[in-house]
Amino acid sequence: MKRHARLPVLLGLIGLTGLCISLSCKQKPGQESVVLYTSLDRPHSEPIIRLFEKRTGIRVKVVYDTEAAKTVGLVNRLIAEKKNPQADVFWNSEVLRTLVLKDKGVLSAYASPAADNIPADMKDPAHYWTGFAARARVIFYNKSRVGEPPKTLEELTTPPWKGKVAIANPLFGTTNTQLAAWWSVWGADRTKDFLRRMHANDVIICQGNAMARDMVVSGEASVCLTDTDDAWAAIAHGHPVGMIYPDQDRGNGQGTLVIPNTVCLIKGGPHATNARKLIDFLLSEEVEKTLAYSESAQIPLRHVAGLPGHVETMLRIKRIPVDFAKASRCVRDAGLHVQKHFQPK
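Under this note's numbering, the first residue of the sequence shown carries the number 16, and numbering increases by one thereafter.
No lab work stands behind these hints, which were simulated from the structure alone.
Computed from a prediction, not measured in an experiment: that's the story for all the values here.
Positions of the beta carbon are idealized from the N, C-alpha and C atoms, including for glycine.
Just so you know, not all the hints are guaranteed correct.
[To be verified] Using 16 Å as the maximum straight-line C-alpha spacing, the simulated EDC-like pairs for lysine to aspartate or glutamate come out as follows:
1) Lys-166 / Asp-264
2) Lys-292 / Glu-47
3) Lys-97 / Asp-131
[Said to hold, decoys possible] Cβ-Cβ distance ranges computed for the label pairs, FRET-style:
4) Thr-288 / Ala-203: 39 to 49 Å
5) Arg-265 / Gly-324: 30 to 40 Å
6) Pro-100 / Lys-333: 24 to 34 Å
Modelling step: build the complete structure from the supplied sequences, incorporating the hints.
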């Protein structure tokens with residue numbers, strides 16, 4: 016394998032450096048407020064936050080992540096603040112590290128009435144977190160270099176794709192979520208065998224999903240695994256690229272991984288009442304529709320009328336049947352295997 020960038024050392028990072036509280040306008044005396052930590056990219060989250068403020072008059076103080084630390088930095092910050100919580104709500108762009116917070120006792124249960132029609136497998140049965148507005152893991156390809164794109168993950172391990180496939184480091188981000196999902200659904204042996212064959216096929220490991228996508232755009236790689244938001248950003252800019260939802264064959268296909276945003280209530284947060292109002296708003300169909308129309312083209316978890324034509328619905332995507340709680344318990348074993356046997360050359 017090739018090393019295209021030094022992989023960031025993120026595990027254990029407290030994530031305080033570079034995080035910023037957005038205070039674009041001063042809070043008026045006596046004005047209601049709420050503190051939100053979010054890992055969703057600011058261009059997509061900020062318009063929604065400002066709409067909530069306009070609707071409610073509640074000032075949202077926002078802590079965004081950094082591109083280097085991403086979700087890991089915010090999660091470690093929340094754990095570090097457990098005895099003296101500073102946040103009220105955590106809006107996470109993925110799910111597994113939300114489960115870490117639940118296991119660490121950082122969260123409080125909250126059954127939002129806005130979550131009633133969200134699928135049961137996309138929310139915690141005890142109401143510690145709720146999913147909304149998802150991304151899918153897709154095969155992204157360069158149309159100038161690829162005539163017939165691979166339609167399954169297994170094809171990526173075959174000779175025609177030797178040295179032509181890029182993936183983000185599977186220790187981090189949504190590639191890590193996908194690894195844990197494979198481990199929980201396929202089992203350890205099949206996942207190890209798949210990784211071994213990817214390794215033998217000279218898979219290119221790079222720093223993140225966006226870098227993997229950019230390698231495909233530039234032609235340095237022919238295909239990659241990435242998220243729908245990264246793929247749609249490149250498609251929207253007119254590059255000769257496309258994407259495939261893998262393993263969609265209704266007979267034998269296992270389905271693609273769909274990863275929701277998650278929102279949760281922080282235990283002991285200073286503004287609990289306003290926190291619940293913010294959570295209810297984020298879980299609304301209006302917000303899912305807004306995110307579907309954004310450049311990230313996120314996928315609503317329930318029926319939402321009037322979606323843009325390029326955004327799939329959950330009814331049309333065959334999903335891999337993953338239990339996120341089980342997948343979260345697989346993260347450590349899967350990560351140890353990757354560290355030992357799947358590092359770049």
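Here's how the hints hold up against the structure:
Taking the CA atoms of Lys-166 and Asp-264, the gap is near 9 Å; set against the 16 Å cutoff, the hint holds. About 12 Å separates the Cα atoms of Lys-292 and Glu-47, which keeps this hinted pair within 16 Å; it holds. For the suggested pair Lys-97 and Asp-131, the alpha carbons sit about 29 Å apart, so the restraint of at most 16 Å is broken. Distance hint for Thr-288 and Ala-203: a CB-CB separation of about 45 Å, consistent with the stated range 39 to 49 Å.
Restraint check, Arg-265 to Gly-324: a C-beta distance of roughly 22 Å breaks the suggested window 30 to 40 Å. Hint check: Pro-100 to Lys-333, Cβ distance near 40 Å, so the stated range 24 to 34 Å is violated.
The structure is inconsistent with the numbered hints 3, 5 and 6, although it conforms to all the rest.
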